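> The residues making up each chain are set out below.
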Amino acid sequence: MEILKETELFPIYINRNLYTQFNDYMSNSRTDSWQLIELSHEAEKLLMAKDFHQLECIKHLPQVIPYPHQTKTAQKVISELRGRAILADEVGLGKTIEAGLILKEYMLRGLVKKVLILVPASLVLQWTRELNEKFAIPATAQRKHYSWDADIVVASIDTAKRDDHMNIILSKEYDMLIVDEAHKLKNRKTKNWQNINKIKKKYCLLLTATPVQNSLDELFNLITLLKPGQLGSYNSFLQNFVEQKRKPKNKDELKKIIDKVMIRNKRRDGGVEFVDRHVHTITVELSEPERNLYDAVTNFIRKHRDLNMLSLLTLQREVCSSSDATFVTLVNMLKNVATGSELELEIRSILDISRTVKEVTKAQRLVEIIKNINDKVIVFTEYRATQEFLQMYLAHHQISSVPYRGGFKRGKKEWMKDLFFSRAQVMVATEAGGEGINLQFCNNIVNYDLPWNPMRIEQRIGRVHRLGQSRDVHIYNFSTVDTIEEHILYLLQEKINMFEMVIGELDSILTKLKMPKGQKLESNLLEIVYGTQTKEELTAKINELGEKIIQAKEDLQKESGSVDIFH
Amino acid sequence: MTFSTDHYVKRYFEAVNSEIISDKNSQIFSVKIPIDVDKELTHRPYYWMYIESLGQQPEPTTLHLAFDPKVDPPDDIDCELITLGSIRFHNILNSARRRGKIGKLYQYFPPKSQLSRSILRPYLLINMRVSLIADKTQDHLYSLGINLENGQLYRNFYNNVKMFPLTEVNPHASLLGQPSISFDSAISIMEEDLCNYVTEFDNQWAAQASNNMIEEIGQIESYYDSQLLDLQKKLTDITNNLDDVTCKSDDCKDQICQSEETIENRIDLEIINEIDLLNFEKRQRIDEVKWQFSPRVEISPYSMVMIYMV
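Those protein sequence lines, which keep their order, are chains A and B.
Each residue of the first sequence is one higher than the last, beginning at 1 in my numbering.
Each residue of the second sequence is one higher than the last, beginning at 1 in my numbering.
Honestly, the hints are just simulated from the structure, not real lab data.
Mixed in with the good hints there might be a few duds.
Claimed, not checked - Straight-line Cα separation of at most 35 Å, DSBU-like style, residue types lysine-lysine; simulated pairs:
id : chain 1 : residue 1 : chain 2 : residue 2
1  : A       : K161      : B       : K234
2  : A       : K553      : A       : K512
3  : A       : K245      : B       : K282
4  : A       : K45       : B       : K162
5  : B       : K162      : B       : K112
6  : A       : K161      : A       : K247
7  : B       : K10       : A       : K45
8  : B       : K10       : B       : K32
9  : B       : K70       : A       : K417
10 : B       : K10       : A       : K412
11 : A       : K161      : A       : K266
12 : A       : K198      : A       : K249
13 : A       : K76       : B       : K290
14 : B       : K290      : A       : K184
15 : B       : K234      : A       : K191
16 : A       : K50       : B       : K290
17 : A       : K172      : B       : K282
18 : B       : K290      : A       : K189
19 : A       : K161      : A       : K260
20 : A       : K548      : A       : K189
21 : B       : K233      : A       : K247
22 : A       : K114      : B       : K10
23 : A       : K172      : A       : K59
24 : A       : K134      : A       : K76
25 : A       : K161      : A       : K191
To be verified - Example chain B residues on the side facing chain A (calculated, C-beta under 10 Å, incomplete):
id : residue
26 : T137
27 : Q138
28 : S143
29 : A206
30 : A209
31 : I220
32 : Q284
33 : D287
34 : E298
As the list claims (entries may be wrong) - The following label-pair restraints were derived from C-beta to C-beta distances:
id : chain 1 : residue 1 : chain 2 : residue 2 : range
35 : A       : T20       : B       : Y108      : 25 to 33 Å
36 : B       : P60       : A       : D151      : 28 to 36 Å
37 : A       : E253      : B       : N159      : 50 to 58 Å
38 : B       : D184      : A       : Q63       : 45 to 53 Å
39 : A       : E527      : B       : D72       : 52 to 60 Å
40 : B       : L231      : A       : T20       : 48 to 56 Å
All values reported here derive from a predicted model rather than from experimental measurement.
Cβ coordinates follow ideal geometry from the N, Cα and C atoms, glycine included.
Please construct the entire structure, taking both the sequences and the accompanying hints into account.
Take a look at the structure:
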């Protein structure tokens, strides 16, 4: 661009490259057809930004139809908040979509070319995929040193924190910086905060569902990253707006100032309805052969705690799932055991017992439930052997079903989903995680067996209980009397009411308990199960664990309540 | 009037000399695309390098496109859905923009008609995008035409020109008027009018942006200045203390004297360092605000056509 003229209010630039090209073409007698010139003009017309404020990007999105609250948020950030904002929607309302809309809009208008997106490590690929697929934004996931040069980079916050990477980042100028889980930036004394503060940026979005976790200070620190001085200096902020750590004063004025830099949508407003969850417990009594098998396996495990813990855990859970699954694992164990040893004899005797199980009580009840529901049902199980067993069993009872496994390629997943939609009544799934396949036409879930990690249960439910589900969701859980599963279900359902929680709440609670993604919870449960001798002890310990979780839940409610003091 | 992706895409492929395979009424639009178009639309640089290095003749690709999401795709062919948001469609738009830049055209008359013997005057048409930019943007499409014989300017010239049938076939040279204005002068005249055009806009947007910028800079300044002031005060206090503590005698070897001085010095330096950092930060924040808000106008011509008309 060359300068054409300086007026009082602004400079006028012009790009003269086309003149040179014109002369080139003319001297070479080369021209483009009128058709193409017209098509080119129409393309310009289609891509131009006709209005300063009106969003252009919506019609250019390949897959997404955003919700009204998402469009409104994007509109407000661009028109009023000048592109520097905290997106603080409650969990589940789609902050990622809002960020994508804003980014897309700025890119379409030519205001943003170079972008850095910092997210938790576990979300890097998901963000990259969503930006590419839903917004046609060519984002790349940062992997090697040179990938920082790409125009649109998605990177893990922790990787970026390292000195060698941060040096590269600080040497660049970003049109836009987006940070997910920005509540990690609540303390200005941390390296993370200081790094983000130093990055050169024009527009900036901070995403977090909990902008205030412990004290109002945190909000001040977040806002200082975007618009230093918005709340005055730190001292005047304390003086004017802070009564106590979590209690603000001059709420009205504070709210007005915060409204200029933060948007928080709540589920209740804006007509975004999340449907209800209804939980049904199906009690199952094991038949005698099944009980024999269960006891045999449980005793075996207690006796041989020195063996591979993982296989034992799997075995214990499998016997709650199906004898088929148990059978397969036992047979595999035999392969690694010395012939003629006592261990081999024990395993063989359990295998004998498993062969005596002719009728599977749980499966019988499942068929009853499915027939009663008389609508589409997704049945979840952890085990492939159980999955295959169930498909056969259901077919035997004239119930059509399709399988769904994590290992399926994307095309096959889609195909199964289509079959489920158009032909089969039941989908028997082993895999719940991952995005992409829309199953919201179904509103019934059966947990044939329960993972011990509640996050995985939450993931299962999340396949159908999300924005877009129009009917109440029904969840059926089996409680097999006098088994470990019964205790776990008690913990999750009766004690901490996990099935009644709102989407994302469980995640926050587990994070607060420093059991992110629920993994430590699983091992906690394992310790309890094998560390206790009597049923009473087991029950007591599980209650204790339940209390801890409830406490964390209450603490969290207090914290997120304090943000809402000014809303 | 809603934009028809269907219509646009079909015209594009015709304009780039593709071979249309499907018939008019088919739901699926099948087209064999020429090699150069293929290279542009499908991003496969290594494939082309490979084919060409082997000296092989590349097979022209056939595309099968559908425009209505409600229509079921056929089972046997690999079919793509094209909508306003598709990446493929945007590739086509960008290809059209690259290929439709510069032309030389003549007003068309049916061969034996009376008018076919009229003298055609040379005009230069420029289409451009005028963007008003601050933290928000607005685009305007604008066209200017200039008569190269007498220097007469016409605004919105493209709209006029569109109404006439045009051809790339040049008539006999005797029928063509000669430009008496040089290319450079023509450009100067047009650019001057451009400036007028831009300044005729309502400048609210620029005034608002400037105000916003001043407001934001003010906020940044008061935030940092209050901190800088505090630090300055601390520095002055310490420096004063330093004077009090410094020994009157130059070769005082009293350990206490010396160590106190070094302690004060260190805090001294720390504060100076902090002041420097804050100033740096303050400058950076202000630069960012200027980068974001400074109003400016950018003009990008996107096509230029020489047109001979009556």
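> Decide, hint by hint, whether the structure agrees.
Here is how each hint holds up against the structure:
For the hint linking A:K161 to B:K234, the alpha-carbon distance of about 32 Å falls within 35 Å, and the restraint holds. Between the alpha carbons of A:K553 and A:K512 the distance comes to roughly 9 Å, so the proposed pair stays at or under 35 Å and holds. Distance check on the hinted pair: A:K245 and B:K282 sit about 28 Å apart at the alpha-carbon level, within 35 Å; holds. For a cut-off of 35 Å, the pair hint linking A:K45 to B:K162 stands: about 15 Å separates their Cα positions.
In summary, the hint linking B:K162 to B:K112 is supported, as the alpha carbons are separated by about 23 Å, within the 35 Å threshold. Under the criterion of a C-alpha separation no larger than 35 Å, the hint pairing A:K161 with A:K247 is consistent with the structure, at around 33 Å. Taken as a hint, the B:K10 and A:K45 pair is honoured in the structure, with Cα atoms around 18 Å apart against an allowance of 35 Å. Using a Cα cut-off of 35 Å, the hinted pair B:K10 and B:K32 holds, with the two alpha carbons roughly 12 Å apart.
As the CA atoms of B:K70 and A:K417 are separated by approximately 18 Å, the hinted pair is consistent with the 35 Å bound. The straight-line distance between the Cα atoms of B:K10 and A:K412 is roughly 33 Å, inside the 35 Å bound, and the hint therefore holds. At roughly 32 Å between alpha-carbon atoms, A:K161 and A:K266 fall within 35 Å of each other, so this suggested pair holds. Distance check on the hinted pair: A:K198 and A:K249 sit about 31 Å apart at the alpha-carbon level, within 35 Å; holds.
Our distance criterion of 35 Å between C-alpha atoms is met by A:K76 and B:K290, whose separation comes to about 21 Å. With a C-alpha separation of about 29 Å, the suggested pairing of B:K290 with A:K184 holds against the 35 Å cut-off. Taking the CA atoms of B:K234 and A:K191, the gap is near 25 Å; set against the 35 Å cutoff, the hint holds. Between A:K50 and B:K290 the CA atoms are separated by roughly 24 Å; this keeps the pair inside 35 Å, and the hint holds.
About 18 Å separates the Cα atoms of A:K172 and B:K282, which keeps this hinted pair within 35 Å; it holds. Distance check on the hinted pair: B:K290 and A:K189 sit about 28 Å apart at the alpha-carbon level, within 35 Å; holds. For the hint pairing A:K161 with A:K260, the CA-to-CA distance comes to about 29 Å; that is within 35 Å, so the pair holds. Taken as a hint, the A:K548 and A:K189 pair is honoured in the structure, with Cα atoms around 30 Å apart against an allowance of 35 Å.
With a C-alpha separation of about 32 Å, the suggested pair B:K233 and A:K247 falls inside the 35 Å cut-off, and the hint holds. A distance of roughly 34 Å separates the Cα atoms of A:K114 and B:K10; the hinted pair therefore holds under the 35 Å criterion. Proximity of A:K172 to A:K59 is assessed by CA-CA distance (about 32 Å); at most 35 Å being required, the pair is judged to hold. Distance restraint check for A:K134 and A:K76: the Cα-Cα separation of roughly 21 Å lies within the 35 Å cut-off, and the hinted pair is therefore satisfied.
Taking the CA atoms of A:K161 and A:K191, the gap is near 8 Å; set against the 35 Å cutoff, the hint holds. Look at B:T137: its Cβ gets to within about 5 Å of chain A, closer than 10 Å, so that hint holds up. Because the beta carbon of B:Q138 sits about 5 Å from the nearest beta carbon in chain A, less than 10 Å, this interface hint is met. Satisfaction of the interface hint for B:S143 is found here, the shortest Cβ-Cβ separation to chain A being roughly 9 Å, below the 10 Å cut-off.
Interface restraint check: B:A206 against chain A, minimum CB-CB distance 4 Å, threshold 10 Å, status holds. This hint holds: B:A209 has a C-beta 8 Å from the nearest C-beta of chain A, less than the 10 Å allowed. At its closest, the beta carbon of B:I220 sits 6 Å from a beta carbon of chain A; the interface hint therefore holds under the 10 Å criterion. Checking B:Q284 against chain A by beta carbon gives a least distance of about 7 Å; that is within 10 Å, so the hint holds.
For B:D287, the suggested interface contact is upheld, since its CB lies about 8 Å from the closest CB of chain A, less than 10 Å. Checking B:E298 against chain A by beta carbon gives a least distance of about 5 Å; that is within 10 Å, so the hint holds. Between A:T20 and B:Y108 the C-beta distance comes to about 29 Å, which sits within the given range of 25 to 33 Å. Between B:P60 and A:D151 the CB atoms are about 32 Å apart, so this pair conforms to the stated range of 28 to 36 Å.
Judged by the Cβ atoms, the range 50 to 58 Å given for A:E253 and B:N159 holds: they are separated by roughly 52 Å. At roughly 49 Å, the beta-carbon separation of B:D184 and A:Q63 lies within the given 45 to 53 Å, and the hint holds. Between A:E527 and B:D72 the CB atoms are about 55 Å apart, so this pair conforms to the stated range of 52 to 60 Å. Range check, B:L231 to A:T20: Cβ separation about 54 Å, and the 48 to 56 Å hint holds.
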